Amino acid sequence: MKKKLGLVFGCLCLVAPLVFAQAPAPDEPATAPGLAEAKAAQDAAVPSALDSALFYQLLLGEITLQEGEPAAGFALMLDAARKTNDAQLYQRATDIALQSRSGDAALQAAKAWQQAQPSSREANRYVLQILIALNRVADTAEVLETDIRLAPAPERLAALAAVPRIYARVNDKKLASATVEKALADYLNQAATASAAWTTLGRMRLAANDSSGALDAAKRAQAFDASAEGPVIVALDLMDPKLPEAESLVQKYLTSNAKALPEIRLAYARALLDAQRYTEATAQLQLVTSEKPDFPQGWLVLGSMQLQDNQLTQARASLERYVALVQQQAPQADDKRGLAQAYLWLSQVAEKRKDYAAAEAWLSKIDNSSDLAQAQIRRASILASQGKLNEGRQLIRQLPERSPEDSRQKLNAEVNLLREVKQYQPAYDLLVQALAKTPEDTDLLYDQAMMAEKLGRLDEMEQLLRQIIQLKPDFHHAYNALGYSLAERNLRLPEARELIQKALSYAPADPFIQDSLGWVEFRLGNKAEAARIFETAYKDKPDAEIAAHFGEVLWSLGLHERAKAIWKEGQLINPDNETLLETLKRLRVRL
Numbered sequence: 348m349k350k351k352l353g354l355v356f357g358c359l360c361l362v363a364p365l366v367f368a369q370a371p372a373p374d375e376p377a378t379a380p381g382l383a384e385a386k387a388a389q390d391a392a393v394p395s396a397l398d399s400a401l402f403y404q405l406l407l408g409e410i411t412l413q414e415g416e417p418a419a420g421f422a423l424m425l426d427a428a429r430k431t432n433d434a435q436l437y438q439r440a441t442d443i444a445l446q447s448r449s450g451d452a453a454l455q456a457a458k459a460w461q462q463a464q465p466s467s468r469e470a471n472r473y474v475l476q477i478l479i480a481l482n483r484v485a486d487t488a489e490v491l492e493t494d495i496r497l498a499p500a501p502e503r504l505a506a507l508a509a510v511p512r513i514y515a516r517v518n519d520k521k522l523a524s525a526t527v528e529k530a531l532a533d534y535l536n537q538a539a540t541a542s543a544a545w546t547t548l549g550r551m552r553l554a555a556n557d558s559s560g561a562l563d564a565a566k567r568a569q570a571f572d573a574s575a576e577g578p579v580i581v582a583l584d585l586m587d588p589k590l591p592e593a594e595s596l597v598q599k600y601l602t603s604n605a606k607a608l609p610e611i612r613l614a615y616a617r618a619l620l621d622a623q624r625y626t627e628a629t630a631q632l633q634l635v636t637s638e639k640p641d642f643p644q645g646w647l648v649l650g651s652m653q654l655q656d657n658q659l660t661q662a663r664a665s666l667e668r669y670v671a672l673v674q675q676q677a678p679q680a681d682d683k684r685g686l687a688q689a690y691l692w693l694s695q696v697a698e699k700r701k702d703y704a705a706a707e708a709w710l711s712k713i714d715n716s717s718d719l720a721q722a723q724i725r726r727a728s729i730l731a732s733q734g735k736l737n738e739g740r741q742l743i744r745q746l747p748e749r750s751p752e753d754s755r756q757k758l759n760a761e762v763n764l765l766r767e768v769k770q771y772q773p774a775y776d777l778l779v780q781a782l783a784k785t786p787e788d789t790d791l792l793y794d795q796a797m798m799a800e801k802l803g804r805l806d807e808m809e810q811l812l813r814q815i816i817q818l819k820p821d822f823h824h825a826y827n828a829l830g831y832s833l834a835e836r837n838l839r840l841p842e843a844r845e846l847i848q849k850a851l852s853y854a855p856a857d858p859f860i861q862d863s864l865g866w867v868e869f870r871l872g873n874k875a876e877a878a879r880i881f882e883t884a885y886k887d888k889p890d891a892e893i894a895a896h897f898g899e900v901l902w903s904l905g906l907h908e909r910a911k912a913i914w915k916e917g918q919l920i921n922p923d924n925e926t927l928l929e930t931l932k933r934l935r936v937r938l
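Residue numbers (our numbering): 348 to 938.
Among the hints, erroneous ones may be present.
DSBU-like mimics (lysine-lysine), calculated; alpha carbons at most 35 angstroms apart, straight line [said to hold, decoys possible]:
hint, residue 1, residue 2
1, Lys606, Lys683
2, Lys589, Lys911
3, Lys886, Lys915
4, Lys874, Lys566
5, Lys566, Lys589
6, Lys712, Lys683
7, Lys735, Lys819
8, Lys932, Lys911
9, Lys735, Lys639
10, Lys886, Lys874
11, Lys529, Lys639
12, Lys639, Lys915
13, Lys589, Lys639
14, Lys735, Lys801
15, Lys599, Lys589
16, Lys599, Lys566
17, Lys458, Lys430
18, Lys757, Lys735
19, Lys521, Lys430
20, Lys757, Lys784
21, Lys757, Lys712
22, Lys886, Lys819
23, Lys874, Lys911
24, Lys529, Lys566
25, Lys932, Lys801
I should point out that these hints are in silico values taken from the structure, not numbers from a laboratory. Nothing here was measured: the structure is a model prediction, and the numbers come from that model.
Work out the full structure: start from the sequences and follow the hints.
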């Protein structure tokens, strides 16, 4: 009996808000402060359609639901909703069906709600979401159009921008894109909504892998509003040598818009970095930091590039500037991750300067649990730099493994640690052990090939690289490494050139692949062509190894002073580069 009473009480708690939201309290005189206001609210209340019979029906519906009969509870609740035309009851009926995983019943209730209250955007959105969940995407066009029409004018652009998220889980992306295009037909040419509507369509086409259609949508969106960020974000996702017009849209926004968002310029710089266009990326980052000196993210990315280029003084200044700016604000979650990354890079700067105490001090500032593993890996590198390799390896091995990604991170960290201190055989052995578990892992095979090359096992290196090409024909690093290895040994030079050109077909702007092509042309005796290629590669990416090769070509052409100038620049970039040191020694050049 107690159990039954408890169940009834629980159901009363569920029904009570529906009752008291509608039924005014009896008219009573105000006897205490605040009751006058309550009385006024009661007088304004709409008379309730809820009589004792209907109250009993609601109570019975909740009881049957609690007793494990959702179909009966749903039917009672939907009938009550129809009798009262109450939005809360329609929503309750729909939720009951959804909770019992009855999609058809949920759609029935939501449509009944929509028909009873055609101006309710909430009812319409329920129908839209249920249709998508039922994979009835083609039926959503009219409902989506209604949703946007029902949105208040100030919220309409936001409603358009939210559309791709609504369809994010749809499997048939092409059907989703076509459905959205149909729904947005009336908004694609209205001045107030055209740019946002075309941007939304561009994002839908992008998700459907329709790159040319997405580009066309972005162009149309920008034509309606040159200052809009949406079309540019679509264009950034499309940036590719095969679609040069996408980058033109980005450049047009940045050059013609005095109020261009620094986030857009930063995203453009990152896209240039992904395309290995380092000089242009650096130029964009310098514009970000000069135009918006209080924009933290620009300093963070610029600092990382400067560190990569071994510009330690500049990297430290940029990263410290980022830290100072973020600490002036109230750090958000993303800022905390950025701070952790900045501390890691500042530690690396200090380590390169052999200031190990400062390196450890930067690491000690990291308190974000998700970044502690990276901090430990950095500590391992500091130990190895001090001749404590075994302690460093042990530090890495003690890291917890909560997922396969953790295990892979530890393996990569230990291999990189051994590579840094030129312990190639132990690194090779680690990779052999890992490949025994995943023999077709192309990334591990590539690392093993590079270790085999360091150990002088060139035939094995070639075998591994060809295996990678067989497994993954677009793995451009394998083509480049094999072609460069042949050119370095002055073997099968026409084949070497063909391999490197194949690599360039996948990554045409990569200065390191251009460096390989210049080297094979030099080996073939095409010195002028080699010099031209190195000129471009070195301009795009000032690097010690490219400087070594470029200088040797210039030296062979009799341009000794220019060759020495390039080599000196290379020494400033990385005085320990093996290729540069070997070149100067072989040619008996003193700088």
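Hint check:
no.: 1; hint: Lys606 <-> Lys683; verdict: holds (28 angstroms)
no.: 2; hint: Lys589 <-> Lys911; verdict: violated (38 angstroms)
no.: 3; hint: Lys886 <-> Lys915; verdict: holds (15 angstroms)
no.: 4; hint: Lys874 <-> Lys566; verdict: violated (44 angstroms)
no.: 5; hint: Lys566 <-> Lys589; verdict: holds (16 angstroms)
no.: 6; hint: Lys712 <-> Lys683; verdict: holds (11 angstroms)
no.: 7; hint: Lys735 <-> Lys819; verdict: violated (38 angstroms)
no.: 8; hint: Lys932 <-> Lys911; verdict: holds (13 angstroms)
no.: 9; hint: Lys735 <-> Lys639; verdict: violated (43 angstroms)
no.: 10; hint: Lys886 <-> Lys874; verdict: holds (18 angstroms)
no.: 11; hint: Lys529 <-> Lys639; verdict: violated (41 angstroms)
no.: 12; hint: Lys639 <-> Lys915; verdict: holds (34 angstroms)
no.: 13; hint: Lys589 <-> Lys639; verdict: holds (32 angstroms)
no.: 14; hint: Lys735 <-> Lys801; verdict: holds (22 angstroms)
no.: 15; hint: Lys599 <-> Lys589; verdict: holds (18 angstroms)
no.: 16; hint: Lys599 <-> Lys566; verdict: holds (11 angstroms)
no.: 17; hint: Lys458 <-> Lys430; verdict: holds (15 angstroms)
no.: 18; hint: Lys757 <-> Lys735; verdict: holds (18 angstroms)
no.: 19; hint: Lys521 <-> Lys430; verdict: violated (42 angstroms)
no.: 20; hint: Lys757 <-> Lys784; verdict: holds (15 angstroms)
no.: 21; hint: Lys757 <-> Lys712; verdict: holds (22 angstroms)
no.: 22; hint: Lys886 <-> Lys819; verdict: holds (31 angstroms)
no.: 23; hint: Lys874 <-> Lys911; verdict: holds (17 angstroms)
no.: 24; hint: Lys529 <-> Lys566; verdict: holds (19 angstroms)
no.: 25; hint: Lys932 <-> Lys801; verdict: holds (19 angstroms)
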